[in-house]
Every structure is written in C-alpha cells, then in structure tokens.
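Protein chains in written order, with my numbering: chain A, -19 to 231; chain B, 7 to 315; chain C, 9 to 351.
Hints are computed from structural coordinates only; laboratory data are not their basis.
Don't be surprised by glycine CBs; every beta carbon is placed ideally from N, CA and C.
Some hints could be false.
[What the hints assert, rightly or not] Restricting the straight-line Cα-Cα distance to at most 27 angstroms, the calculated cross-link-like pairs of lysine-lysine (DSSO-like) are:
(1) B:K195 with C:K60
(2) A:K165 with A:K154
(3) A:K(-15) with C:K323
(4) C:K256 with A:K34
(5) A:K34 with C:K159
(6) A:K166 with A:K103
(7) A:K182 with A:K221
(8) A:K54 with C:K323
(9) B:K277 with B:K314
(10) C:K159 with A:K54
(11) A:K(-2) with C:K159
(12) A:K48 with C:K256
(13) C:K253 with A:K137
(14) B:K277 with C:K60
(15) C:K253 with B:K277
[To be verified] Only some residues are given here: those of chain C computed to face chain B with a beta carbon under 8 angstroms:
(16) I46
(17) H47
(18) R75
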Amino acid sequence: MLRVKNLSVTVDLYEILKNVNFSVQENEWLMIVGPNGAGKSTVINAISQGISYKGNIEFCGENIASLKRNEIGKRIGVLMQNHSVGYAFTVEEVVRQGRYSYIPGIFSNYHEDNESKIEEALKMTGMSELRNHSVLTLSGGELQRTFLAQLLAQDPKVMILDEPTNHLDLVYQKQIFQLITAWVKKSGQAAISVVQDLSLAKAYGTHAVLMNHGEVIAFGTCDEVLTQDNLERVYKMDVNKWMHDMLSQWN
Amino acid sequence: MKKICNSIVLIVLAVSIMILGGCTKGQDSFSNATGSKIVVTDMKGREISLMEPATKVVAITAADCEILYALGAGDTLVGRGEYCNYPEAVSEVIAVESGAETNIEQIIALEPQIVFMNTMAQDVETVEALENAGIQVVVSVASDIEGVYGAIALIGAVVGKDAEATKLVEQMKDQFSEISASVNSEEEKTVYFEVSPLEYGLWTAGSNTYMDELSQMLGLKNIFADVEGWGEISQEQVLERNPDYIITIAAYMGEGMKPEEEIAQRSGWDKVAAVESERILNVNADIISRPGPRLAEAAQMIFDFIYKE
Amino acid sequence: MIKYRSQNLKPVEYLLLILSLLVVFFLCVCIGSVTIPIHNIVSIIVNLMLNKPIPEGVAGMIILQVRIPRVLCVAFVGAALSICGAAMQGVLRNPLADGTTIGVSSGASLGAVLAIAFGFSIPGIENGGVVLMAMVFAFISLLFIIALAYKLDCTLSTNTIILIGIIFSMFVSSIISFIITFAGEKVKHIMFWTMGSLADSTYEKALTLFLLLMVFGTIILINAEELNAFAISEDNARNTGVDVKRVKLLMLISVAALIGVCVSIGGTIGFVGLVIPHMMRMITGPNHRKSLPVTLFMGAIFLMLADLLARVILKPLELPIGVVTSFVGSIVFVYIFYHARKR
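All chains, please: the whole structure from these sequences, using the hints.
Given below as structure tokens:
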C-alpha cells in the first residue's frame, strides 16, 4: 500500500537518510526500530511531507507528493512524538481537526459521519469525559490520547505512529496496542510504528524495518529482522540477554 | 514632539527671564563701555567677560547665525549649527552637529572663543566641558520679540558691534511700529496659523509664539489663542472658528500642490472665510518662527498680504 | 443521532456585534472636538439619506466632510489591524504577534518612505505609489522575518520571532534615518509622514480601506478552520491534511496588504493588533470561527472609541491616536486578563 523507494534526505550537507526502501501492505503492522539517531523520525517526517527528500513515496502506486494535501490526509495519518498546542483548544476541537481532510474549509461542517467518527474516537481513547477540557490542562498521557483520538477521527488508510506509548501508563499502552491491532485487521488498513520497546515490536508487529545511521539494515517480517545477529550489530550489545535479564525480574 | 519640548522650554525660560528682570530691558546693561574690556550678562544670567571683542565664534542656533550676519559679523563664525541656512554665506562655514546631540569635540576643535547656544542643547556637563577648554558659553534664548532685541544686543556686545546692534534693533522696532500704526483696528479679523498640514496631523501656533505676537501686532485675533504654544488641533475646530485669514508655514517642495492650494481643496473647508476669499498665505517657516531679525520681514509680509490687494 | 453544536457564532451574536458597531459609530459621529447638538446631526444625516439639501452651516461641513470620513477610516483601520493580528497570532502560533511586534509595520513604513524619497507614484491614483510600496515592503518584510526566524530556530518559538521583529524594526528605523539624512528637501515630508495621522481621512481613503478589508478580510475569515489547525501546531495541520504552504502564503499576502494600506493611510498604530485578538480569545476561546468575526468588529469599535477619546479629551487639542490606544488598551487588557484568570 505504502511504498518508500530510494528515500534520501540531506540537511546542511549531512546525509540523514541514505537510500531507504521499505513498504507496508494491507493488514500489516510495520515496526520501525533502531537506535537513536538512526533516522526513524526523519522517515516519518518525509512521509508526512514535512521535509524535502529525494526518492519516491507511493501510496497504492500513486506518488503522494503529487496529491492534494487533504487527499494525502485521507490516506495517511501521523501521530507525532511530541505534542504541543499553541492555544487553549478543547479536546473535542483538537479531535475535530482530524476530520479536516474530509471537510476542508469552513463552508460545510455538519455531516453525520463526522460527528459519529469524532464520538467514536473519543470513546475509544477514553477521552469522552474530558472532551470540553482545555488541552493545556491535560497530562502528557491525556494529550497523547487526544492526538490519538484525532488520528482515529482522521480515519486514514495507513496510520503512522511515532513512539505511541510515550507518556502512557501500562493500561493505556495495552489498550492502544490492542486497538491498533484490531484496526489493522480491517480491510484496506495498515499501520507503521516507530518503537523503542523491542518487546512491543515483536509482540504486535507483523513486519519490521531495522535502521541505523540512516540506512536500512534489514526489512522483512519481524522474525526475519529482529534476529539476535542483526540487533547485536546495530545496538552493539547482546539484546537477547538484556531482554531476558529484564524479564527475569518478574520470576 | 520636538516642537512641544521647544515651546515648553522657551516658555519656562521666558518666565524666568521676566522674573530675573533687567536682562531684556535696555541693551546698554549688556556691555561695559569703559575701557576695552567687555562684560556681558547672558540670557541665563551668567556673566561673560572678554578682553576684546570676540573674533572666533560658533553659533548653534539658526537665529543667532542670522543675527551675526545681520550685524555684519558673519566673518567671526568659525562654526555653525547644522540647521543654520540663512543667509547663503553661512553654508560655507563648517557645520557642527547640533540639535539633540551637540558635538562638543567638534566645537572645541574649531577653537572658538565664544559659543552661542540656547538652552536646548545644554546641560551642566556641556557647559563645563566647553569652559574647561577655554571656551565661553553665551546663552541666547528669546521667546518673544523683546527677547529677540535682547539677543541682538547681547550678541552685538560680544562681537564688538554694539552700534550695529542698536541700529538693527531700532530698525526692527521702527518697522514694527510702522506696521502697527497702519493697522486698521476697527474690525477684528481672525487668523489661523497652520504649522503642520493636515496629512501629518494638524498643528497650530497658539499663544506665546512669535506668530501669535505678530498677529497681535497686526490687529488680528489668533483663533487658537486658547492653545499654549504649538499644539495639534482638530480640523473641526478650524471649521467652526472660521478664520478670515490662514497663514501656513508648510514647506513647498516644488512638486505637487502648493500649500495654499492644498488647504483650499480640503473637503469641508470650502466654506471657510479665508478659503472663500482666497486669503491663504504661505510663509517660509524659517522667517516667521526664528527669534531673529527676519521677524520684521515676516511682519511686513503678513501686513502686505492683509492690507494690500 | 448525535447532536451537533455549531462552531460558528449564533446569528443573534452577529446581530449584537453589528448593532454595537452601529451604535458606537453613531456615538463617535455625534461627539467630537466641536460640540454639535444631536438633533442637528440627525437632521443632517436624514436629509442626506433622503437626498434633500443639507442645512447651511458649519455643522454640516464638519459632520459630513470631516467626522464621518474620519470615523469610517478609523473603524476600517481598527478592524483591519485587529484581524491581521489575529491571523498572525494563528499562523505563527504566537500570541504576541502583531504588525508592530513582528516588524511588518516598520517594513511598510520603509516602503512608504522610499516611495516618498524617490518620488514613486502611480498616475491617477492619489498616493498610489506610497500605498503600493508599503504593501510590497510589508510582504517582503514578513517573508524575510519569518525566513530568518526559521533559520535561527525552526520551532519558531515566541521569543525568536518577537526578538527578530524588534531588531528588524530598529534596523528599519536606522535605514529610514539614513534616508532622511540624504533626502534633502524631502526630509520634512518624510519626517512628518513617519508620525502618521488619521486626521486627513477622506471618503476616498475610506473606500480604499473598505475594499481591501472586504477582499483580504474575507480571505482571512474563510480560512478560520485552517488558522485553527495552525494554532494547534503547524505540523499537526500538515498531518491532518491542511495545505500549509498555500494557507501561509494567503495569510502573509492578506496581512501584508492590509497592514501596508493601514500604515500608508494612518501611520503606525500599535497595540490594536496585539491586544484585541488576545482579549477576544479570552472571551470566545481560541476557535477562529468565533474569534475572528468578533475580533473584526471589536477592533473597529475599540479604535473608534480610542479615536473619540483622542479627539475630545483635550479639546481643542487632539492627541495622537497611538497614545490613547496604548494607554487605554493596557488598562482594558489588564482588566480582562484579571477576570479571565479568576474564572
């Protein structure tokens, strides 16, 4: 569905991404993993057209750079790593913004579909009670959930989530991941996530891209990519041992 | 803003000078005629003494420059304030930064004996710095015509042109009294002085300005006598007060409408008495608002404008 | 079925705004430097509307040729500056942005001064050259300032852009002073021009302001949703499908045009664009669908009242309008801020 071809990004003579290639198909959940500075967020930035790049990013064969903004919005939605809101908008107003691609502009805003999507999104993320609260008064987790609700309201075909478990407690982490798993199973939908927690990647992802220094080290199914060898090469440590040590805390 | 400052300072000074008394009355109190030593009291009450008439002076204000030339002492100028522009000969003299930032170093470098200043550019440090360099500061500041006579006498005494000073003052007095004598004081006509045209904010010259003094001398009533000094007024007021004459000192740059024409075409002004009868005069701002010898010329101009067809 | 609450102002609220505007307009026409009894004023206006001859006398002149054009110009300038402030505060996501803080007004002044110094003019349109240069330079300044801010700090934080705006204003002032030194005879012209005044308002100027306000004000108003998106965050706007580049460009052009024309007609009037949007946001919330129209009307009302005060408080003297806006604006702002905090 979404294919990244020969993506390269250079900023101030520094090559942040070099020839990145990967793709995600329907009903897949692609995990982008790699150490800090590998360029994971830059990939997301490029897909969301926030930075200039060389190469092609295609959605179902169409080069998305040639599409109108709101058309891109209907196909791809992004949950960013950091959230900041400039003014005291309410949760509902921020979630409503997610529907922009479908009703761009101010002339016609009322549509049953819009309202039901917004309601659903609020419910799914547990933000219904806080809908009239100013986002400036929310905790980090509540803000994260607000923007997740916005993403759900936006209802794209491909959801891209940059470290979605930031600020979320375990309960919400589990809830969100289950939510997305169910969502990904729906026809015509897929998800891409950048995660730091490799266990989550293995548990929920179907496919993975391992990156380092702006290059793709491995791309394929989770099992193919997240091998001990690959991980040791990239993280320069025995990842398996570390994970087991962590888990053994619970025995 | 500068003009408000200017007029406030001048007014304060005028009051203090009047209180000090003798300074402006009679020119003979300025110079000590015995021997060749000159002792004068300037307009701030400070005493300055010279062994002989000064031959190298710097004059900061444009008015003082004009007075010097009128006294035939233009050759004593070694430096002049940057705004001095009359007569033409003065542009040959080296210009010294004046205004808000008077450049002491420049003045000292010219090695004058005397500096004529008004109180605007002054503070204690300036005066001290100059005096330490062996330069005497003479404060010349006039806020009415009497004050101008005083300034002329003072400057004349300093450069040894007492006779010429007396003559100049006599000339001015004669001209003024001739004018007032010929004035038809039966019907009081009204005048509106415009110092800044509408597009930049309408300003007028109210009471305690030279323009006001001239208007009184000419038997005209200044419609804005209730305004102190120069002030920004509303055009509604002009329309209501309906002046018989309008005198504007706006500068004509050579292109576009002349100030008189501009005033006449303002919407709503066509029924003003002065506009209907085309009694609008444009006077050069320098002539009418400087405390110098050309005030007599200004008076003559206005007189001619009003009484001669 | 899910109940939908409209995002826009209710018709009743619009009506209230329009009524308030008309009442204040009438008030400002009735009161002025010269006292004219109300029944005179009413009869003049009524006669005018019924196409009957106006009663002779100074009152007619004053009301029709001086006061009404002035109050009209003041209203339009107030509305324009306020809505520009709101637009900038939205696009730049910066509650301190307005024509003066960002340096746009200074840029416009520079354009106008250059036009005067070089005698640039458009045949047929009075002062056309000045207005055009002011608009062009306003636009260039905006681009320059934002580009520079981006280079220094790509999050465009509040501090950066205001800092750059202030430095830019100072830079422009020095250039204007430089030009003044070399402008020779045109010096006085320019120096006086920089002080600016709405005292010479005419119906032609009011019409120019009105037309431009209609065009660019409307552009800003219909981008209310987009401004909301920017106000949340520019990245979020882009991700939810807003054509960020197009909206930014539209807003920059609109703001530059409106500020350009306001500065060339009335000089730099500070405070209005900064404070009115802020105050209105405190009342309506940050949703631009509500705050923009309210800002537009209240901007006009505020400036008309400020101008009224400037005209009558020291009569027959007139205060420069900038003095009143700053003074009154500060007090009103503190009052509203205090009350908003209490809630």
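Are there hints from earlier that the structure breaks, and if so, what are their numbers?
1, 3, 8, 10, 15, 16, 17
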